[in-house]
Structure formats: structure tokens, C-alpha cells
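Novice: In case you want the letters, here they are:
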Amino acid sequence: MQKIQQNFYSKDIISVNQFTKADIDILFAQADLWREKVQSGAPITVLSGKIMANLFYEPSTRTSSSFIAAMQRLGGGFIPINDVHYSSVSKGENLADTIRTLEQYSDVIVLRHPEQGQALLATKASGKPIINAGDGIGEHPTQALLDLYTIQNSFGSLEGLTVTMVGDLKNGRTVHSLAQLLALYDVKLNYVAPRVLQMPITLCNQLKNSGIQQDEHETLDAVIADSNVIYVTRIQKERFDSLSDYEAVKDAFVITPEIMQSAPKDSILMHPLPRLAEIHPSVDRDPRAIYFKQVQNGMYVRMALLSLLLREELS
Amino acid sequence: MQKIQQNFYSKDIISVNQFTKADIDILFAQADLWREKVQSGAPITVLSGKIMANLFYEPSTRTSSSFIAAMQRLGGGFIPINDVHYSSVSKGENLADTIRTLEQYSDVIVLRHPEQGQALLATKASGKPIINAGDGIGEHPTQALLDLYTIQNSFGSLEGLTVTMVGDLKNGRTVHSLAQLLALYDVKLNYVAPRVLQMPITLCNQLKNSGIQQDEHETLDAVIADSNVIYVTRIQKERFDSLSDYEAVKDAFVITPEIMQSAPKDSILMHPLPRLAEIHPSVDRDPRAIYFKQVQNGMYVRMALLSLLLREELS
Amino acid sequence: MQKIQQNFYSKDIISVNQFTKADIDILFAQADLWREKVQSGAPITVLSGKIMANLFYEPSTRTSSSFIAAMQRLGGGFIPINDVHYSSVSKGENLADTIRTLEQYSDVIVLRHPEQGQALLATKASGKPIINAGDGIGEHPTQALLDLYTIQNSFGSLEGLTVTMVGDLKNGRTVHSLAQLLALYDVKLNYVAPRVLQMPITLCNQLKNSGIQQDEHETLDAVIADSNVIYVTRIQKERFDSLSDYEAVKDAFVITPEIMQSAPKDSILMHPLPRLAEIHPSVDRDPRAIYFKQVQNGMYVRMALLSLLLREELS
Numbered sequence: 003m004q005k006i007q008q009n010f011y012s013k014d015i016i017s018v019n020q021f022t023k024a025d026i027d028i029l030f031a032q033a034d035l036w037r038e039k040v041q042s043g044a045p046i047t048v049l050s051g052k053i054m055a056n057l058f059y060e061p062s063t064r065t066s067s068s069f070i071a072a073m074q075r076l077g078g079g080f081i082p083i084n085d086v087h088y089s090s091v092s093k094g095e096n097l098a099d100t101i102r103t104l105e106q107y108s109d110v111i112v113l114r115h116p117e118q119g120q121a122l123l124a125t126k127a128s129g130k131p132i133i134n135a136g137d138g139i140g141e142h143p144t145q146a147l148l149d150l151y152t153i154q155n156s157f158g159s160l161e162g163l164t165v166t167m168v169g170d171l172k173n174g175r176t177v178h179s180l181a182q183l184l185a186l187y188d189v190k191l192n193y194v195a196p197r198v199l200q201m202p203i204t205l206c207n208q209l210k211n212s213g214i215q216q217d218e219h220e221t222l223d224a225v226i227a228d229s230n231v232i233y234v235t236r237i238q239k240e241r242f243d244s245l246s247d248y249e250a251v252k253d254a255f256v257i258t259p260e261i262m263q264s265a266p267k268d269s270i271l272m273h274p275l276p277r278l279a280e281i282h283p284s285v286d287r288d289p290r291a292i293y294f295k296q297v298q299n300g301m302y303v304r305m306a307l308l309s310l311l312l313r314e315e316l317s
Numbered sequence: 003m004q005k006i007q008q009n010f011y012s013k014d015i016i017s018v019n020q021f022t023k024a025d026i027d028i029l030f031a032q033a034d035l036w037r038e039k040v041q042s043g044a045p046i047t048v049l050s051g052k053i054m055a056n057l058f059y060e061p062s063t064r065t066s067s068s069f070i071a072a073m074q075r076l077g078g079g080f081i082p083i084n085d086v087h088y089s090s091v092s093k094g095e096n097l098a099d100t101i102r103t104l105e106q107y108s109d110v111i112v113l114r115h116p117e118q119g120q121a122l123l124a125t126k127a128s129g130k131p132i133i134n135a136g137d138g139i140g141e142h143p144t145q146a147l148l149d150l151y152t153i154q155n156s157f158g159s160l161e162g163l164t165v166t167m168v169g170d171l172k173n174g175r176t177v178h179s180l181a182q183l184l185a186l187y188d189v190k191l192n193y194v195a196p197r198v199l200q201m202p203i204t205l206c207n208q209l210k211n212s213g214i215q216q217d218e219h220e221t222l223d224a225v226i227a228d229s230n231v232i233y234v235t236r237i238q239k240e241r242f243d244s245l246s247d248y249e250a251v252k253d254a255f256v257i258t259p260e261i262m263q264s265a266p267k268d269s270i271l272m273h274p275l276p277r278l279a280e281i282h283p284s285v286d287r288d289p290r291a292i293y294f295k296q297v298q299n300g301m302y303v304r305m306a307l308l309s310l311l312l313r314e315e316l317s
Numbered sequence: 003m004q005k006i007q008q009n010f011y012s013k014d015i016i017s018v019n020q021f022t023k024a025d026i027d028i029l030f031a032q033a034d035l036w037r038e039k040v041q042s043g044a045p046i047t048v049l050s051g052k053i054m055a056n057l058f059y060e061p062s063t064r065t066s067s068s069f070i071a072a073m074q075r076l077g078g079g080f081i082p083i084n085d086v087h088y089s090s091v092s093k094g095e096n097l098a099d100t101i102r103t104l105e106q107y108s109d110v111i112v113l114r115h116p117e118q119g120q121a122l123l124a125t126k127a128s129g130k131p132i133i134n135a136g137d138g139i140g141e142h143p144t145q146a147l148l149d150l151y152t153i154q155n156s157f158g159s160l161e162g163l164t165v166t167m168v169g170d171l172k173n174g175r176t177v178h179s180l181a182q183l184l185a186l187y188d189v190k191l192n193y194v195a196p197r198v199l200q201m202p203i204t205l206c207n208q209l210k211n212s213g214i215q216q217d218e219h220e221t222l223d224a225v226i227a228d229s230n231v232i233y234v235t236r237i238q239k240e241r242f243d244s245l246s247d248y249e250a251v252k253d254a255f256v257i258t259p260e261i262m263q264s265a266p267k268d269s270i271l272m273h274p275l276p277r278l279a280e281i282h283p284s285v286d287r288d289p290r291a292i293y294f295k296q297v298q299n300g301m302y303v304r305m306a307l308l309s310l311l312l313r314e315e316l317s
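Protein sequence lines correspond, in order, to chains A, F and X.
Sequential numbering from 3 applies to the first sequence in my numbering.
Sequential numbering from 3 applies to the second sequence in my numbering.
Sequential numbering from 3 applies to the third sequence in my numbering.
Isolated chain A, as found in the complex (with noise of 0.2 Å):
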């Protein structure tokens, strides 16, 4: 075990790409634990000592949140800047000299920022871990390993399940790393879509090669009755080119009580969060709506990816 987590120690986190099965499994066996732990309600001290710097470039209540959590629910510290305007970058200086900097007060930096690339640039100008918490309309790998995790959560496995995308994924950067993630796996992917915000080619030919099973909707009709997991995200209004455009398909892609009537017994409800209209407040009763689980999920990757990046060897 020990030489497999030489994948985690002292990395950085950049991308879904990065990892392969066997990472997974120590990844999410190492979840399971802390999950266990702060649900016993023990304290865990084996960050204890440790500081994160926690760089915020753009608002993130949630990740910076869970961050903030994970970390001190392991016995470490953290240093919170959350905003451009309390920051040395208003005196102009670059992202590199403000990493260079972070990484002299702390054991790991997790940085979210406007501009994709700007993680792996980041990675360049730091001795100490990188974790990217979103990198513009790049990748934000902690959220794609927390919607996984959830449904191996739910389903003991993540071979042989059916999971619907449904809404904007064209522009989701949510939906495709999860779908990069779930590749890996033995799966079939439904993307329910309007055909101007279906998911891009090119992501679909490299899923391709790994051999599993795609199909576009335009309708959640066609295909919730065969999902294991239906994956919602946000349509926003600003995508189409007209309003008219955007009312005459918006109604299709709001989950709402009866619509889940169609949907397994089974099945899972899952969205990324923030959700605005396309999740009635009335489906939250559902006990297959778990985008709250998944924000707590969210917790436990962290405290998972932190205690082993930081950590040489597993106690």
C-alpha cells in the first residue's frame, strides 16, 4: 500500500487525468476512514503541526469551506485569503511570487483561480502540493472525485452503472471531469442536453477510447427509467442566443416530483451546487436526492487527499 501512495505523497492535484484506479481505491479507502472517524466524533490529530494555505482568486463559499473543514477536522491550520482585493496581487506582483510566498508559511496550498492553466503554472513556482480547487473553465478535480466517490458511495461499485447528464454540458467543467473519471470504469454515459449545450466532441471521442458506451438526448424521458444515477447541472439563460431559445427548452430540464417518478427506485439525484431553478425545492424530500451528501462527501475526499499528500506514510 504504501508504495502505491507514493502517487499522492508530496504531489500535486491538477487534474482528473492524473489518476488511475488503484489510486482511487486508496483514495476513497482513506475517505471511508475520516468519514467513520468524524462521524464517531473523535478528534484526529495527524495534521497537527500542519498549515494550508487556502488561495481564493474568485468567491467559493463551498470548496474554500470544505477545504477549511477537512483541514481542521485533521488537526491542521490554515491561512484564509479569499479575495483578490486582500491581497499583495492588488500591489501587482505575479502569481508565481505570491505561491512562492505561501509556500514558505505552509505544507500545502490549495488555489482556486479565474484562469484556466493557472493551477499547473502554479506547480511550476511551488516545492510544496498544489491542490487545484478550480482552475476557470479548466478542471477542479476534488469536485469530479467527490461526485465519484458519492456513487460508489451509493452503489458498493462503479462498474456497470448507467449515469445521465443532464443540462448545460457544453460549458460544465463538473460534468466533464466526472466524465473522464467514470471512464476509467465500466459505465455508459446518457447526455440530455439541448443540442447547442451537448457535450464537446472532442471530450466525447477521447471517452471513446476508453471504450464505454455514449448516447445524446434531448429529453430525460428517452433515458431515466434505465439511470443509476441522474447528474443535474445548471442551464443558465446567457448560453443562448435568444431568450426564446432558452424558454422553449428550459422546462425540459427541471427535475421535479413527478419527473422522479420515472426514475429508478434506486437511482441517485446528484448536482454540483449552487442549483437554481432546475431542481424543485420539493424533489430535496426525495431520498434519492443526495446533493447535500455529496457536499459532505466533498469533506471527506478532502481530508483523504490532504492527510495523504502530506503524509509519508499511512497510520
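Just so you know, the hints here were simulated from the structure itself, not pulled from any lab data.
Be aware that one or more of the hints could be misleading.
One copy or two, either will do: identical chains are not told apart, so a pair holds if it fits within one copy or between any two.
[Unchecked claim] Only pairs whose alpha carbons sit at most 27 Å apart, straight line, appear in this in silico BS3-like list of lysine-lysine:
| hint | residue 1 | residue 2 |
| --- | --- | --- |
| 1 | K295 | K126 |
| 2 | K23 | K39 |
| 3 | K190 | K252 |
| 4 | K239 | K267 |
Starting from the structure of chain A, add chains F and X where the hints point.
Specialist: Positioned in the frame of chain A, the structure of chains F and X alone reads:
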């Protein structure tokens, strides 16, 4: 004792009306204990591994800092969310979803919100305890509790005291809540305010039912000599119909060393802070001026609340 | 040793002028100790249960993060107050009342303020130690101490060194404070700056009284070969009467690999950061460029200060 603690463990703290005298005894005994421990310099670890989300939709350095200090002094961690700009609220998420998200990461949520009723609303969404840290013109129960604790600390008991409230009693959330708590005891309340800013009739009627004596006055002279507690609040220019109305009365409600000469030697002068001109800085040297001790007591009362809410058994 | 420590325990840190050579020996020995402990990975708990209020009235990621990391690496907690917008200052409270409030919650207050003299003012209000983390054009003593510590670390001693300061020496708070600390030792100071930005006469006269040698130059060429330390600061366009004046001199004060060829092999190149164009990024690879090590040393020096201020006895 443990049975009585069931009024705290896993409960929400929304309103002063939820407390019995027995609850307050429990709470203040716990606050006494933490005060002694903190002053002895001994580290406390009872909340190790626990996380408090500090969700402030409007700035409040004093209250926010007090909770953050309290939680850490108990060994716990915190998630600072200080500003609506730094929040997924800016993406349009509603309060319920934000609360449901934060409860996944934390063991207790402290909420300051500009709108009355939002703290109660938050409790509907959350399975974890909510502490109302001020909801607009609604309540700010921990402020009232720290005020009450300060009075008990000064006199050893809350029975038989005369408390004189001065300033804007119409709009002062602080004095409304404190008056309601004091009505649990055998006290006399004097209200000293310009007529347009007197205590609301509905509140006076409610308090009358509890059997306490209430008197209204327009100047402090009449009652200061018989006051055990002089509780001063701010009078804001904006509350008056005209500037001349304000100018006509304002000096009658400013505490100076001269005015304090009429107050009993063993009385105490309180203020919820921040204060502007309504207490002259030269009064700070008067040993009866205990508004900064009030601030410190706030930390002990919040430590007591946090530890009672989060621990099933006292230790 | 304990007697000498009385110059730290419960004291304020306001100005470099408050330190004797004996104080600095104590401080740097403690910083050495913390550096070893941190690098060994062992958690430190000497400040468990203690709280540091980090009150920043203007943004400074570097300094703020350094103190937050330092306090937590010692086992203590912190209250982050990052911005005047997030503060009861916006309700008009004066600094003295804010300080008196924060001292109720915390064991030490770190203050960054845009106006000279405010740190000293804060000490009048506070019974808890104040650390000046920069007060406008006044002082920034922990920056000077970390600079001095970095020099001592590089050469084993502070005696007999030649320190060349480059850039805007007129307005640079950093070089003023460092020069005052260096004057405690047998050093030679070279000032390399455009004439309009030379070291202030009053400071030169003050330093002359301590017996150190000071020389002014307009280019680096004349002195670089004889420098043990080259300390570079920013030159801001805005400081010149005209853009042409600036253009005429700016290149003489930019450090490039070519210029570094003239510097001694065992010299060190320092900068308080953030740097803009005054040190070319390709210089970063030069082992003599130690400005990021400076940053790290800042954390150890601040750990030393915090632990000496807050503990009555050394352990």
C-alpha cells in the same frame, strides 16, 4: 443536571424567550467555569475536532470575533464566512441551501443576518444547531445573555435590582431582549428616553404580565441615584423628525463624569458597544464603567453555549 | 536568561529602537529553535489555548499570512480581521475602542494600520501586547528583524559586514528600520539610489552617532564587488518629478544575472517583496538570491516573538 442540559444539547439558540431561569443557571455556571479556566491559562480541549461555521451576512467584528475566540479557546475549529460578497449567495443561492451546505461541514452554525426571522428560517433547513447572532431588528440573544451574565457577576444575584435603560429604547434590539430576560427575575426597570424613542408599548405590556415594575422618564436625573445598573444605548440622529428635535434632547442622554457622581458607588455602567458620543471617554476610568468587561463576558457566555450545545454530557 | 526575557514577556513590539543586542540574541536563538522544530515536522503546542487577533486595516497577504501561520504552528488560534469593510470601524468606532474590545478576546494583537503612530496609540488602550505589523510610513519592526535574522543566518554573525542598500532609500520604511538595527553592530552601509531618493539626512546623522560607516552612491557598480549583502527595494515611478527623470535612472537599479556576476560568490541578494521589475526573474535561480528564504525566516522570527511575548518562562 444532565436532564436540564437537555435544553441545550443539540438545540438552536434563536430567542431569549426560550430560556427558563434554570437554563440560565446552567449556562452561567458553565460560563463561570470557562472564565476561570481561561484566566488560569490552561488550554481547554473539550471541542477538539468540532467545527463552527461563522456565517455573517453583515459585518460585526465584535460578535464574529467573540465566537471565533470562544470556539478556539474550547479547542475547536472555525470556518470564517464574513461577507455576502464572499459567498455563493452572490451566485443567487438561497439561505436554506447555504445552511444545508454548511451543516455538512460543521457541528454548529453561527448566523448573523440583516433580516428578521432568517435565523428561525435557518433552523428549518439545518439538522445542526443554529445560533442567532443577530437577525436585523429581530433578536440577538447572546448579547442579552452576556448582559445578564455581567449583571449577575457584579451583584452575585439578579433579584431585587433596579436597572435603568437609557437612550433609544424604541429601536434598540439589545434593550428589548435584555428587558425580557430581566423579567424572569424580581427587578425594577426604568426607561429613560426622549418620548419618541420610548420602549414599545407592546413590549411594556408583555413585561407587565410578568409582574415587574416599569417606569418611564425623560431624563436620567430622576432615577440615577436609585439605579444598580445604568444601561446606555446609542441615540441616532436619523431617528428624529428634525435635527432641532435631536439637538434639543441629545445632551440629556450623554454620560459624563459629572452625571456619574449621582450614581451609587456600587452601581455599574453598561453599553453594548460600539459607543459613539453617548459615553464620554473620560468615564472609562470610572471603575463602575464595565462595558469592556461586558465584551469579555461575551466570550465566556458563548464558550458556555457552544460547549453545552455540542456535548451530550457535561464533564 | 529569564531575566533578559523580561524584555519580551507581555511587552509591545512597536519599534526597532526598543531592542538591545542582548534582546536580539534571545530572539534569534528562539527563532533558530522554532525553525528546527518546524523543519523536523514535530507539532508544537506551547501556545495552545492562546489567541492572536490579527487586525489589518490595509491588505498585506504576506505579513498577515506569516503571523497566522506562526501562531498556528505554535499551537495557538487566531482571529482574522482583514479589512476595514469588515469591522465595526465602519460604524465609526475609534481604534482605541476596537483595541480594547479585541484585548478581551485575545492574548496578543497584531496591528497593521495605514497611519504612522497608530500602533503606539494602540498600546495605550491595550493591556495585552501589541505587535506593530506596519504603521504607514512609520515602522514595520518584524520585517527589519527578519531581514537581520536572515543576514545573521547567512554569515553566522552580524559583525564586520558590508551591507549595500539599493533603490528608493528615501521612502523605504524597510531600509530605514534595517539600517537602525544594523547600527547596533560593526557594519558598513552603502546607499545606492538616485539623488532624489537617497537616505534621509536625519536618519544618516542618527546612525553616524552609533559609529558605523555610511557611503552614498548613484550606481551599484562602484560597490557591488565589496558587498556581503545587497538589499534591493522598489523604485516607484510616482516618486519622480517627471517620467524622463525616472527613465533616466531606472535601469541602474535593476538586478540582472549580468550585474550579479560582479557580486561576491558568498554574498546574498535580499528584497522585502513584493518585487516588480527591480529583480529580473532569471536571477531567482542564483543561489545568492534568498528573498524567499527571507519570507520563511519571517515566520520563524514571528514565532519567536509570539512565544516570548506570551510565555512567562522559557521551556
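Novice: For each hint, tell me whether it holds in the structure or not.
Specialist: Hints, one by one, checked against the model:
Taking the closest pair of Cα atoms, K295 and K126 come within 27 Å of each other only across two copies (17 Å); inside a single copy the shortest separation is 35 Å, beyond that limit. Taking identical chains as interchangeable, the C-alpha atoms of K23 and K39 lie at most 27 Å apart only when both belong to the same chain, with a minimum of 24 Å there against 37 Å between chains. Taking identical chains as interchangeable, the C-alpha atoms of K190 and K252 lie at most 27 Å apart only when both belong to the same chain, with a minimum of 25 Å there against 63 Å between chains. For the identical chains of this complex, K239 and K267 are neighbours neither inside a copy (32 Å) nor across copies (62 Å), given an alpha-carbon limit of 27 Å.
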